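Residue numbers (my numbering), protein chains in the order written: chain A, 144 to 414; chain B, 144 to 414.
Simulated from the structure, these hints should not be mistaken for laboratory data. These numbers come from a predicted model, not from an experiment. It cannot be assumed that every hint is accurate.
It does not matter which identical chain is used: a pair holds within one copy or between any two.
[What the hints assert, rightly or not] Simulated pairs of lysine-lysine, DSBU-like, Cα-Cα distance not exceeding 30 Å: (1) K327 <-> K384; (2) K210 <-> K284; (3) K283 <-> K384; (4) K181 <-> K327; (5) K384 <-> K371; (6) K260 <-> K210; (7) K188 <-> K327; (8) K258 <-> K371; (9) K223 <-> K260; (10) K188 <-> K371; (11) K284 <-> K228; (12) K384 <-> K188; (13) K223 <-> K258; (14) K384 <-> K181; (15) K371 <-> K210; (16) K223 <-> K327; (17) K327 <-> K228; (18) K283 <-> K371; (19) K327 <-> K210; (20) K384 <-> K160; (21) K327 <-> K284; (22) K223 <-> K384; (23) K228 <-> K384; (24) K260 <-> K384; (25) K283 <-> K327; (26) K181 <-> K371; (27) K160 <-> K327.
Protein chains: 2
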Amino acid sequence: MRIVLIGAGNLATNLGKALFHAGHEIVQVYSRTEASAKILASVLKCTYTDTLEDVTCNADIYIVAVKDSALSDVAESLQKRLVDKLVVHTAGSIPMDVLPFSRKGVFYPMQTFSKGKEVDFSVIPCFVEAATEGDVQLLKKVGLTISDTVYELNSESREYLHLAAVFCGNFANHCFSLGAQLLKQHGNIPFSVMLPLIDETAAKLYTMSPCEAQTGPAMRWDTNVMDKHLQLLASTPDWQKIYNLMSQSIHCLSNPSCSPNSSFPLTSSNS
Amino acid sequence: MRIVLIGAGNLATNLGKALFHAGHEIVQVYSRTEASAKILASVLKCTYTDTLEDVTCNADIYIVAVKDSALSDVAESLQKRLVDKLVVHTAGSIPMDVLPFSRKGVFYPMQTFSKGKEVDFSVIPCFVEAATEGDVQLLKKVGLTISDTVYELNSESREYLHLAAVFCGNFANHCFSLGAQLLKQHGNIPFSVMLPLIDETAAKLYTMSPCEAQTGPAMRWDTNVMDKHLQLLASTPDWQKIYNLMSQSIHCLSNPSCSPNSSFPLTSSNS
Chain A
144 MRIVLIGAGN
154 LATNLGKALF
164 HAGHEIVQVY
174 SRTEASAKIL
184 ASVLKCTYTD
194 TLEDVTCNAD
204 IYIVAVKDSA
214 LSDVAESLQK
224 RLVDKLVVHT
234 AGSIPMDVLP
244 FSRKGVFYPM
254 QTFSKGKEVD
264 FSVIPCFVEA
274 ATEGDVQLLK
284 KVGLTISDTV
294 YELNSESREY
304 LHLAAVFCGN
314 FANHCFSLGA
324 QLLKQHGNIP
334 FSVMLPLIDE
344 TAAKLYTMSP
354 CEAQTGPAMR
364 WDTNVMDKHL
374 QLLASTPDWQ
384 KIYNLMSQSI
394 HCLSNPSCSP
404 NSSFPLTSSN
414 S
Chain B
144 MRIVLIGAGN
154 LATNLGKALF
164 HAGHEIVQVY
174 SRTEASAKIL
184 ASVLKCTYTD
194 TLEDVTCNAD
204 IYIVAVKDSA
214 LSDVAESLQK
224 RLVDKLVVHT
234 AGSIPMDVLP
244 FSRKGVFYPM
254 QTFSKGKEVD
264 FSVIPCFVEA
274 ATEGDVQLLK
284 KVGLTISDTV
294 YELNSESREY
304 LHLAAVFCGN
314 FANHCFSLGA
324 QLLKQHGNIP
334 FSVMLPLIDE
344 TAAKLYTMSP
354 CEAQTGPAMR
364 WDTNVMDKHL
374 QLLASTPDWQ
384 KIYNLMSQSI
394 HCLSNPSCSP
404 NSSFPLTSSN
414 S
């Protein structure tokens, strides 16, 4: 496939490299920052531009991997030039219909991309959608050249998938951040001591569901320990609120009869 | 060392096996459930009992690894028989002083233990405490025979360590559970698609701090995406509350000037 990359951020860089190594021809890279376009183009051995009007019409697939908030404007600028071309975006939370093209689609690789940390694309599940069955098959075929798992998923289900990814990725990472803050503030224990626990918490999910894997004071509803923890969090009321809500939610998920409106015996949060 | 295990649950089983394989002699296993004591004793090639009065006095270290709520009672029952013996408990959140012995201590291996899933003890950080410097050194020495990292930590700091472990382990796992529920309810997507994201979220922590690794809509304070997510969670107000609190907390942690009492533009939670 002859592919144009619109964008040169973390996702565009990782995706571009994977496509390039799979044998696709990256024709051009666009970024509004010329330096970024140039760096990525040199890796992908292609031309680059920082002007949307100079994006070549001579490619099969256009992958728009820009900031969510810029997506509409960028797509609109390309609308007249890319008639009959397949144009896809890569945003998990944005419907396909934001793209004003007849051949439109979505190619969403679900992973957390950080600068300077290469990822193994083959294990990243990719979710595709397109306006026509032919383009769905095309995107699936391209997807399978870089990833072992490619699913077709419509925009509505993808919104929930993206939301689930926020819980499993962003929010889980924030739990790690709060743990790190607590260690830093008390006893100055290095965060590295948590890594085996975090690794094992993730590894467990290969042999059991997260519900089955749940342990801890909230799971046992050990109010002695929970009340003590809430007292330890007295100087950070926001973290106390998170502790309370998460504990109640763990309890409710393992007790289907639990009413979301029932009052819980955790009282220290008001002290 | 000649060691007696008081308890035959997940922690006692994993710890007993590690000590046994490191060459220590497990003299006896106690469990109030005879069958559990028998099973573990057969693995550790030792005697067993379900009667605290029959616990042998003929050992160097007694490791009490019972439920937190049973710890006081069990310790009291052993008090008169184990004069001058080193008796330690394994509970992260319980002070050493709950033990009514002159030679008391704590040996806390920080990990999540589940039935049927063996763990590599060598990577588990262990935290020790004792009433005398001699016993601290003894516990450190024993700890280093089964783990690469052994820290001395007093009861107060250990409470915060345990609290941090609840955030990094239990609460992170609950984020995975909520993600799994969302996938199950919408589109019936298998939870296994989340594993590469979860693995990468954990793997990142080896090269950057969790604060540096934070990504997602709350980090970018992308209120379009966040408002849409809150709408998707409308039928589960408890999860909506968690989404709101976690997003606000992510925002505050990356913006030190953020006031915990400031109002946030997330309004859908009241809709």
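Against the structure, the hints come out as follows:
Both within a single protomer and between protomers do K327 and K384 lie at most 30 Å apart by alpha-carbon distance, with minima of 20 Å and 27 Å respectively. In this assembly of identical chains, the alpha carbons of K210 and K284 lie at most 30 Å apart only when taken from the same copy (26 Å versus 54 Å across copies). Taking the shortest alpha-carbon separations for K283 and K384, neither the intra-copy value of 44 Å nor the inter-copy value of 37 Å comes in at or below 30 Å. Proximity of K181 and K327 under a CA criterion of 30 Å is satisfied in neither setting, with 41 Å inside one chain copy and 43 Å between copies.
For a Cα distance limit of 30 Å, the shortest separation of K384 from K371 qualifies both inside one copy, at 14 Å, and across copies, at 23 Å. For the homomeric pair K260 and K210, the shortest alpha-carbon distance inside one copy (19 Å) is at most 30 Å, but the shortest distance between copies (42 Å) is not. For the homomeric pair K188 and K327, neither the shortest alpha-carbon distance inside one copy (45 Å) nor that between copies (43 Å) is at most 30 Å. For a Cα distance limit of 30 Å, the shortest separation of K258 from K371 across copies, 27 Å, qualifies, whereas the shortest one inside one copy, 40 Å, does not.
In the homo-oligomer, the alpha carbons of K223 and K260 never lie at most 30 Å apart, since the shortest distance is 36 Å inside one protomer and 58 Å across protomers. For a Cα distance limit of 30 Å, the shortest separation of K188 from K371 qualifies neither inside one copy, at 59 Å, nor across copies, at 39 Å. Proximity of K284 and K228 under a CA criterion of 30 Å is satisfied intra-copy only: 17 Å inside one chain copy versus 68 Å between copies. Neither within a single protomer nor between protomers do K384 and K188 lie at most 30 Å apart by alpha-carbon distance, with minima of 51 Å and 48 Å respectively.
In this assembly of identical chains, K223 and K258 lie within 30 Å of each other by CA distance neither inside one copy nor across copies; the values are 33 Å within and 61 Å between. Taking CA atoms no more than 30 Å apart as the test, K384 paired with K181 passes in neither setting, with 47 Å inside one copy and 44 Å between copies. For the homomeric pair K371 and K210, the shortest alpha-carbon distance between copies (17 Å) is at most 30 Å, but the shortest distance inside one copy (43 Å) is not. For a Cα distance limit of 30 Å, the shortest separation of K223 from K327 qualifies neither inside one copy, at 55 Å, nor across copies, at 41 Å.
Taking CA atoms no more than 30 Å apart as the test, K327 paired with K228 passes in neither setting, with 53 Å inside one copy and 35 Å between copies. With identical chains, the CA atoms of K283 and K371 are at most 30 Å apart between copies only, with a shortest distance of 27 Å across copies and 52 Å within one. Taking the closest pair of Cα atoms, K327 and K210 come within 30 Å of each other only across two copies (29 Å); inside a single copy the shortest separation is 33 Å, beyond that limit. Taking the shortest Cα distances, K384 and K160 never come within 30 Å of each other, neither inside one copy (43 Å) nor across copies (39 Å).
For a Cα distance limit of 30 Å, the shortest separation of K327 from K284 across copies, 27 Å, qualifies, whereas the shortest one inside one copy, 48 Å, does not. Proximity of K223 and K384 under a CA criterion of 30 Å is satisfied in neither setting, with 51 Å inside one chain copy and 44 Å between copies. In the homo-oligomer, the alpha carbons of K228 and K384 never lie at most 30 Å apart, since the shortest distance is 50 Å inside one protomer and 43 Å across protomers. In this assembly of identical chains, the alpha carbons of K260 and K384 never lie at most 30 Å apart, being 34 Å within a copy and 33 Å across copies at closest.
Proximity of K283 and K327 under a CA criterion of 30 Å is satisfied inter-copy only: 23 Å between copies versus 46 Å inside one chain copy. With identical chains, the CA atoms of K181 and K371 are never at most 30 Å apart, being 56 Å at best within one copy and 35 Å at best between copies. In the homo-oligomer, the alpha carbons of K160 and K327 never lie at most 30 Å apart, since the shortest distance is 38 Å inside one protomer and 33 Å across protomers.
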